[in-house]
Amino acid sequence: MRAGAATTRATTMAKPLVPRIAILGVIWILFVATQSGYGTDSNLFAVLQGFAFLGLMTLAVGVTMFAGELDLSVGSLAAVAGIVSVKLLTTVPLIPAVVLTVCAAAAFGATQGYAIARLRINSVVFTIGTMFALRGVAFILSGESAVLMDIDKLDVSDSIIQRLGIFSPFSLVVLAAMVLVGGILGFSRWGREIYAVGGGRPESLAAGVPQRRPISLAFAISAAAAALAGVLASVSSGSGAPFAFENVLLTAVTAALIGGVGLYGGRGNMFNIALGALIIQSFVAGLSGQGATQNVQKLATAGLLLLAIVVEFVTAARARRALLRRSTLHRTRAAQAIEPEVATPPPVRP
Amino acid sequence: MSTALDPGAIEPESLRSSLRGSISWAAVSTVAALGVLIAVAAVTTPAFATDDNARAVVAAAALTGIAAAGLTFITLAGHFVSLSTTATAAAGGVALAMLMRSGWSAGLALVATLGLAVLAGAVQGIVVAKGANPIIVTLAAAGGLQGLTQVVSDGKEVRTGSTALSWLGDPRPLGLTMATYVLLLIVVVSTVYLRRHRMGLAVSLLGENRKSAVATGLPALAITITVFAIASLCASLVGVLSVASFNRATVDQFGGLTFDAIAAVLVGGTAIAGGNGSPLRTAAGAVFIATLMNFMLLRGWSYGTRLAVEGVVVVVAVTAYHVARQGRR
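Heads up: the protein sequence lines correspond to chains A and B, in order. Residue numbering for the first sequence follows the working numbering, beginning at -5 and increasing consecutively. Residue numbering for the second sequence follows the working numbering, beginning at 201 and increasing consecutively.
The following block holds chain B by itself, in its conformation from the complex:
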């Protein structure tokens, strides 16, 4: 039975197209679209083509891009999306700030926070692997994490009370934020992992056709736990980087992150049914959206117009990718 909420049951695309990955026409078209957008923006809007503006765009894309890159793993494995991105990011930020406020050293607090995030992700992964729907599980996890974070922080802003993380938050090598480099690192490592490492390849295979993958003995449980742990880790990194920059955290941060991350994954062209796509394309999707928003802002378009255009772009992008995939069968 194939439905909108169980894409793993939908018919798979050709294996060849998914294994060619970022060298495929689809990735090229994503990058080409980005190139066209940048060209148009540069030609029509002088303020766009400056160094400062370029850095601002990339900085805006970086945090969403990090969360979206982690989310890509879940989508590639055929487990659809996670709705717990916002809650995980906020929880990560608050956890780090609280630990540091209680006197933990920055390094230890960092490790503990990321470890907790991996744990939260793994728990979601186990439940999904046992057969529960990822939408329900991540929805419940989001509520649980948000509630926990609220209770622990008493709803108030948490300040770290130290500048021990300034090495992460302040530097601007080449004028780019550290978040940008973290995103770059994640994209590079993910691409190598997904293309070369046995477990990484298994992720795409699981998403391509879950029944065959399980039947041929791929460790579905381990893969699922891994992808959810990675997504949770990346989401918490967003919270961590924010704390590093601002030295404070609240439970209500990153409100739009869940759907912004999903939008970046979709615009980047990763198939929601799984098996086809990459974190590189997702990063390109995040940059595309950030570039578009920046372009519209520079042209003085209102917030509502920018949001509406973003929505239309998502609809057009998913439709275009979908139609193109149908055509290739």
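One chain only, chain A, in its complex shape:
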């Protein structure tokens, strides 16, 4: 058996979930113990509502991170989608409006991804531009102020966030979307291609993996997820605002990183994304329950990110040392094969 042989399924390459589930558990225990309202059904519902939005945005940036890229335009796209859907609702019922907007966004995302792949340009610099451009489009479409839904359509808004136990149609749709995208990523050829180009771009090129398809797909998914988030959030709140979702980008990136999505590409899965969003949402909900302001919440989230960096660093250092030990073993055995008299066999691990 070759030393260091490992399966290459994306799920086994994901960063460990257990410590992160533990962190989530600690956060919950801490807040349930110190706040009377935290463990209630209504709080759980509120956390899941927040998680629904953040989870979709984290999915959006996360999928592009799997492909080794980063889509910075998700916030602006969500704003545009929110405005478009609110306007569509004046003539079209809810489900077609959502589907239309999400499909249009996916088409835009695929185009953006194709351009990035074809030009072989850095997606960060490209999407900074599209981020600005889409934000401008949001202002143009909305006439520079929030677009309000008709009063008689407000029952549609309410229907999205009606309570179904601790869930709502909003959070259930998001969970379904995560399962769907997770299935595509983990079990289909297209999903494997995304991880391949993310995990090693030159290597995947050499191995014959198509480059443009997975990147276009990743950006199409990110656009669709961002649009869905924008649509659901805007419709449920009754208005689409051009200045909305400006800060969510960085929170989503933080959530992805805390959840264990690898920043350099090719590592992570839907559990990492969901966990990351859940950790941040639970944490922020608990903090605001303690009366902490937005900026203090930012400070605390930054602290969580720092913790994640440190944990990351320590485990990576340990993994490097383990790899070094194993490769030394490998070299010694190879030397043995060439000159058995000279090389001293070390204690052999089967």
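Think of the hints as simulated: they come from the structure by calculation, not from any bench. Please read these numbers as outputs of a predicted model, since none were measured by experiment. Misleading hints may appear alongside valid ones.
Claimed, not checked - Okay, the calculated beta carbon distance ranges per label pair: (1) Glu197/A <-> Ala422/B: 30 to 38 Å; (2) Ala101/A <-> Gln526/B: 23 to 31 Å; (3) Ala322/B <-> Thr287/A: 27 to 35 Å; (4) Phe446/B <-> Arg183/A: 55 to 63 Å; (5) Ala201/A <-> Ser229/B: 34 to 42 Å; (6) Ala422/B <-> Ala98/A: 46 to 54 Å.
We put the beta carbon where it would ideally sit given N, CA and C, even for glycine.
Following the hints, position chain B against chain A.
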């Protein structure tokens, strides 16, 4: 493994092109584009070609330009971008205002604020040099700085309670703001430093090809700390200059500064992969964007249209520079 978030691992361009710097075709094309824009604007829009308007454009470009010039150092060294620009600027402004309000003399408060900024930058630089990704580090630093600033200022506006900084905020030599001269000074000093000083040259070399630079013994740690400290210093200068002009500061200032600065760096043509570019080009990029926005404003275009055009310009600029660089290999 080369990815969008680790440009240091991307293949380097030719060393010759990066060392020729501001005399290269690319810098010429940036300035030429600016010239064309100014010419078109002057011909089509009478209100554009006035002294007052020119001063307004330059004033608008100056603050972003200062932050972007500092950011250029990080990009040149191959450490991509900093996402903590806004937070550092706001923190700098609030720190200065609070110190002066507590009775510190203007000079001492200034030195202390800039010193704190250098420290904040150095800390980020150390963590990045140890192997952490600059996006994560600066993201965390931004959150940390913003939260700290919020806590310290209690979320309220901080007034300096004195006019001791009026020498920095009020004068208008030749009708230009002091910020403009600060930007000019930074650009001149940076250009000399990056082209002549041993450490400055090392910055570009580190960005050009990190592995070779480290292998040949360049002090990667010192370089990284330096570039992050410089970027942090420049960002805090934005806050300082704002306080000098308005004598007040809040934690929520400079909201768009992070991405505006990055846009200026990109439009100026500094390569995101590192090693190629200069603060001069970044300043030109900042002026280009400010000129464009001013031109559109004078023509009565709506805010949304102006923003959309700015975005398209960034996309076109980065694509053009990218394609041109590919072609030169």
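Hints versus structure:
no.: 1; hint: Glu197/A <-> Ala422/B: 30 to 38 Å; result: 33 Å, holds
no.: 2; hint: Ala101/A <-> Gln526/B: 23 to 31 Å; result: 27 Å, holds
no.: 3; hint: Ala322/B <-> Thr287/A: 27 to 35 Å; result: 29 Å, holds
no.: 4; hint: Phe446/B <-> Arg183/A: 55 to 63 Å; result: 59 Å, holds
no.: 5; hint: Ala201/A <-> Ser229/B: 34 to 42 Å; result: 38 Å, holds
no.: 6; hint: Ala422/B <-> Ala98/A: 46 to 54 Å; result: 50 Å, holds
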